[in-house]
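K.L.:
What follows is the residue order along each chain.
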Amino acid sequence: MLKKRLVGVVTIKNGWAVQSFGYDRYLPLGKPECLVENLDRWGADEILVQVIDRSVVAKSPDYELLNKLAQLGIGTPLIYSGGVNTIEDGIRVIQSGADRIVVDSLLHDDLSIVDGLSNQLGAQAIIASIPVKMGRYGPEWLDYRTKLSTQLTKELVDCIAKGAISEILLIDWRHEGAPGRFDSELVHQFPVNNVPLIAFGGVSDIAQMSELFSHPNISAVAIGNFLNYRENSIQRIKEDLDSPILRPPNYAAESTLLNNV
Amino acid sequence: MGNHASITHSLHDIGFRVRVDKDPAKLNQADVLILPGVGAYPVAMDALKERDLVVYLQEQARTQRPLIGICLGMQLLASVSYEHGRTAGLDLIPGEVVPFSNGRGHIGWNTLKCVQSDPLVESSDGQAFYFNHSFYYEGPAKYQLAVAAHTSSFSAVIRSGNTVGVQFHPEKSQEAGKTLLKNIIDGLVHA
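Residue numbers (my numbering), protein chains in the order written: chain Z, 1 to 261; chain B, 1001 to 1191.
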């Protein structure tokens, strides 16, 4: 049986891992590779590294960071987000060690490039990042660069429906960093039903995770800084959830960074 | 196209020396050939053709040189794929690569079920591995060592002689993946 996944998220701004609050405030946490190494050691099902300042200033993906992460030799699938603006960017990100890529600004700017990425890399490698908030008529889609929210466009819905992307990272951006505040209505009212959703933004509570995992459209729950408050947090969450729909907790790996201390 | 860094690290971790190369003269020095792969089937076959590796790999398989295909690399071992049209594969293990019936990918951790007794994989029976693919191998049952369940049961590990394909990513399947990779390599080298 295909398991549902617990995804660990590391958010990076100006080269540092940060805690992000509502796409607005940021607190530094430390070196990204340390947090990634922890998530790998704790047995995360996937690790999402999102570099949030690349597309804002029209930079390409952070290959230097990807190279650093590749040197860690992590055994956990890696998802990369940030600055993928061309097909060549996507190919190079995968060649640099990522298993999958997230597109966000491209969904607003040029869906033909999303199609091209899908043709080159396979749809399974492409995740659409869709930050939303509940509006009067349902979820409203944020362009994080302009801070403006609109209804999902027909072009985007068609692109998703025809299979160019494999999953949607559904972000409750207003509640990002707010414990237990993810708005489940976003999942219930999201207008696209045939693509698996990864819920992210304010998910920290076990009961809430359990409720999200029970939704048929949810393939994964992504958690950011809430994982950093205690050692072995991934395993502990899995133990608390105690669900056969998740892979059992894994305590096997040792820290390679600690070996150098 | 492949994620060479991950597979290289995994192989180092389990005690093997690794060389990433496309030159047959260099590849001839290896005990085991590994064909990783990420991306779309036609693009990958074109890349093999550009590097003059199609006939080379077919000859190596024919002489029972250990060869392991990973993810797309496993699919390339098959006769043909229908991803983005029809593309002939390496034809080392008879079978076709076809899309899942729901038109969607199979992404995440899934458990392996061994369907033949083979020391290469039987100790991994029931363990979970990381899959990330939209197409899968469909072929004669005699080549199937292990399956996984999705829209239906599909081939997760296939074998013909010393050619083995794994649909999942052992290099991204944490300890379970390293153990399986070591068992396959040791098993093929000492076969």
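Think of the hints as simulated: they come from the structure by calculation, not from any bench.
There could be a bad hint or two in this list.
[Stated by the list, open to error] According to the in silico footprint, chain B covers these stretches of chain Z (three or more CB under 8 Å from chain B):
(1) 123-135
(2) 202-209
[What the hints assert, rightly or not] Heads up, incomplete: computed chain B residues facing chain Z, CB under 10 Å, no partners named:
(3) 1040
(4) 1133
(5) 1134
Positions of the beta carbon are idealized from the N, C-alpha and C atoms, including for glycine.
K.L.:
It remains to establish, for every hint, whether it holds in the given structure.
P.N.:
Hints and how they fare:
1. Counting residues of the stretch 123-135 of chain Z whose CB lies closer than 8 Å to any CB of chain B gives 3, which reaches the minimum of 3, so the coverage claim holds.
2. Coverage of the stretch 202-209 of chain Z by chain B is violated [criterion: at least 3 residues with CB-CB distance below 8 Å; count 0].
3. The interface hint given for residue 1040 of chain B is met, as the beta carbon of that residue sits about 5 Å from the closest beta carbon of chain Z, less than 10 Å.
4. Checking residue 1133 of chain B against chain Z by beta carbon gives a least distance of about 6 Å; that is within 10 Å, so the hint holds.
5. The beta carbon of residue 1134 of chain B is positioned within 10 Å of a beta carbon in chain Z (closest approach about 5 Å), and the interface hint is therefore held.
Figure legend: structure checked against the earlier numbered hints; the only hint not met is number 2.
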